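> Residues per chain, in single letters:
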Amino acid sequence: MKFINYLEKVSGVDIFGLTSLLIFFLFFVVMLTWVFKTKKKSYQEISRIPLDN
Amino acid sequence: MQVEKFYYDNKIVKAFGIATIIFGVVGMLAGLWAAIQIYYPAISLNLAPTTFGRLRPLHTNAIIFAFVGNASFAGIYYSLQRLCKARLFNDKLSWLHFWGWQAIIAAAAVTLLMGMTTGKEYAELEWPIDIAITLIWVVFGINMFGTILKRRERHLYVAIWFYIATWVTVAMLHIVNSMEIPVSLTKSYSMYAGVQDALVQWWYGHNAVAFFLTTPVLGLMYYFLPKAANRPVYSYRLSIIHFWALIFLYIWAGPHHLLYTSLPDWAQSLGTVFSIMLIAPSWGGMLNGLFTLRGAWDKVREDPVLKFMVVAITCYGMSTLEGPLLSLKNINAISHFTDWTIAHVHIGGLGWNGFIAFAILYYMIPRMWGTKLYSNKLATNHFWLGTIGIILYAVPMYWAGFEQASMWKQFTPEGQLKFQFLETVTNLVPMYVARSVGGLLYLTGALMMVVNLYKTIASGKFIPDEAAEAPALVKEAPHKEYWHRVLERKPVTMLVLSLVLVAIGGLVQMIPTFLVKENIPTIASVKPYTPLELQGRDIYIREGCYTCHSQMVRPFRDEVARYGEYSKAGEFVYDHPFQWGSKRTGPDLARVGGKYPDSWHYNHMYDPRSMSPGSLMPQYVWLLDNALDTSSTPAKIRAMQTLGVPYPDGYDQVANRDLMHQADSIVGNLKKDKIETPANAEIVALIAYLQRVGRDIKLEPKQQPLAENK
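If you're matching them up, the sequences are chains F and S in order.
Mind the numbering: the first sequence is residues 1 to 53 in this note's numbering, read in order.
Mind the numbering: the second sequence is residues 54 to 763 in this note's numbering, read in order.
Hints in this document: simulated from the structure, not taken from any laboratory.
Bear in mind that the values here come from a model prediction, so they are computed numbers and not experimental data.
C-beta atoms are modelled at their ideal positions from N, C-alpha and C, and glycine is treated no differently.
Each hint should be verified, as a subset may be incorrect.
Said to hold, decoys possible - For each label pair, taking beta carbons as the anchor points, the in silico distance ranges come out as:
| hint | chain 1 | residue 1 | chain 2 | residue 2 | range |
| --- | --- | --- | --- | --- | --- |
| 1 | S | Q55 | F | I23 | 26 to 34 Å |
| 2 | F | K41 | S | T424 | 35 to 43 Å |
| 3 | F | L22 | S | P524 | 39 to 47 Å |
| 4 | F | L51 | S | G423 | 38 to 46 Å |
| 5 | F | I23 | S | L82 | 42 to 50 Å |
| 6 | F | L51 | S | F515 | 20 to 28 Å |
| 7 | S | G423 | F | K41 | 30 to 38 Å |
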């Protein structure tokens with residue numbers, strides 16, 4: 001028996017699929033936004049931390 | 054601004070460093086010994102503790118938890134102090150962490166050789182040691198977070214993020230996978246059974262690779278590579294993407310270890326999809342590492358530390374490309390259960406983990422002793438021996454894996470299997486020999502490092518407390534800034550976010566399998582093991598039979614022809630723990646029950662070559678002499694009842710009566726073939742178990758084909 005049969009019996013199961021996709025999509029959108037909005041200069045400072053000791 | 058003076062603790066780094074060297078050599082020796090046993094079984098010495106099934110878990114646990122574990126702790130404690138500009142939080146905790154971890158390793162070595170094992174790969178240690186690991190892990194966590202909280206550097210450098218993710222995820226994995234019901238001080242049963250146990254185990258197994266062997270080591274790479282090259286990492290932006298994408302995606306990929314098994318199909322697909330996506334962050338990390346050396350490749354020619362780093366990072370890239378490819382069902386159908394897997398893990402183990410460990414030792418030790426490395430030339434020779442060793446190890450294993458899988462799948466024009474299983478194994482002996490030569494070269498290189506570091510230490514003077522100074526961290530006046538900058542300064546928030554991220558992946562895999570009952574279709578004819586079979590099964594687990602024999606017939610034409618009906622999820626509902634295995638050095642045993650007479654098994658255990666000439670299986674002579682400990686039967690039955698195995702109430706009291714009854718009937722069978730054995734010999738219990746494996750389903754009345762297709 002395919003698993004989808006049991007999934008389909010759950011009421012309002014669509015929301016799970018949608019939520020998963022949304023979490024997944026938003027995760028990368030948020031991450032990439034922050035990564036590319038941050039100034040290059042601040043990256044340069046932080047990336048020198050190991051070298052300054 | 055007020056400048057504060059403080060001291061870095063080098064003593065704890067020294068202790069973990071020395072432990073790394075010792076356990077590295079021990080773990081590699083165990084590996085070499087086990088590798089030689091595969092083509093020369095007599096080197097097991099016919100002793101239970103030194104036979105492959107017990108030596109192999111010792112090798113894997115020693116390399117993962119003792120060698121790479123100690124190396125990671127050494128590197129983390131060295132870099133964390135310097136990245137936080139603060140001494141470790143508490144010296145007492147540091148030493149508790151150190152001695153606790155070494156005590157766990159010692160206990161693991163003794164118990165594994167004595168055959169005390171849970172039978173779950175890389176989580177073989179029994180429950181008291183599992184608890185000790187949890188406690189020491191908490192000590193490590195407090196020490197790390199304490200250091201981070203008292204730091205003098207505002208920003209948490211990316212290496213520290215990797216350390217935080219390591220800590221939180223390993224804690225989660227270890228606790229969830231080690232849920233077990235104790236039977237005695239040295240024996241427990243996994244709380245999960247069959248398919249669920251397999252899913253949890255490989256969720257753990259896969260992510261132990263991800264979060265014990267990869268993330269801490271990536272953290273080390275992000276610290277030691279810029280240090281050794283004396284330039285910042287190629288792209289800090291990329292390192293952030295690398296981090297979040299890696300920990301988000303990794304946790305989902307575990308089911309790719311169970312392709313074509315009885316695991317529900319949707320979970321297998323989930324594993325495949327996430328594995329393919331993992332290529333992106335992994336390669337981002339590799340390129341970030343290699344590009345850091347742009348314009349500095351001349352240094353690679355001079356500096357052995359960088360040489361090791363370059364090969365390590367390349368091996369990281371190769372095995373993280375290979376991993377996703379092996380997760381494709383069509384490739385996995387060839388690679389799985391063969392030596393291809395062994396080749397794959399050793400690219401990671403020897404290349405990535407081993408070489409990073411060597412690199413950081415070559416980096417830290419001269420500096421902590423205020424001197425120069427004794428001999429760059431010796432280190433370069435180590436590098437070349439190691440590199441050639443890896444190639445000599447991996448190439449024959451790839452060949453062996455591919456060739457064996459091809460032989461398994463060949464049919465004659467008449468439709469018969471072309472090769473006996475044994476032929477496909479004996480054919481690989483030259484490859485096994487070449488592999489052990491590769492391992493020997495690698496070990497020789499490591500011994501050269503021991504000499505080199507010993508001489509280095511002798512020529513310098515140890516600096517136990519290294520002076521440093523930095524301004525105290527003052528509270529910044531509030532001003533508008535981008536939110537992730539805020540996050541970067543909040544280690545605890547970071548910890549919680551990482552946990553949420555990895556927990557989502559774990560829950561999505563497990564909840565449906567656990568909650569949806571229909572997910573594992575029950576088979577009415579599958580019954581619990583009899584007491585004698587249960588005892589026999591525990592002997593099977595004790596001797597580590599699962600290290601060479603699978604119990605999982607995949608739905609392939611050749612496997613069904615060779616072994617019998619393919620395995621169904623419902624067959625394993627009473628298997629605490631599951632014993633599907635991951636490698637077939639010997640044939641699959643899922644349908645071995647009833648295949649041979651009892652006397653065949655008796656003779657085969659005494660000397661496998663008397664029954665199958667040319668077999669590479671070790672002798673299990675002690676099973677013929679050891680008396681079965683039946684005093685444990687009631688406790689075992691009760692533990693199984695707790696786990697929901699339907700033995701009748703009060704059965705624990707009468708179980709031994711049934712046990713002796715069944716043993717007598719096996720003794721009777723053996724007598725007919727002129728074999729005299731006492732009914733309480735361990736071999737009798739093992740025969741009972743082997744004769745039961747995979748038989749229940751044959752009692753199932755034939756189903757309507759229509760019902761099956763629904």
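> Check each numbered hint from earlier against the structure, then list the numbers of those it violates in ascending order.
When the structure is compared with the hints, numbers 1 and 4 turn out to be violated.
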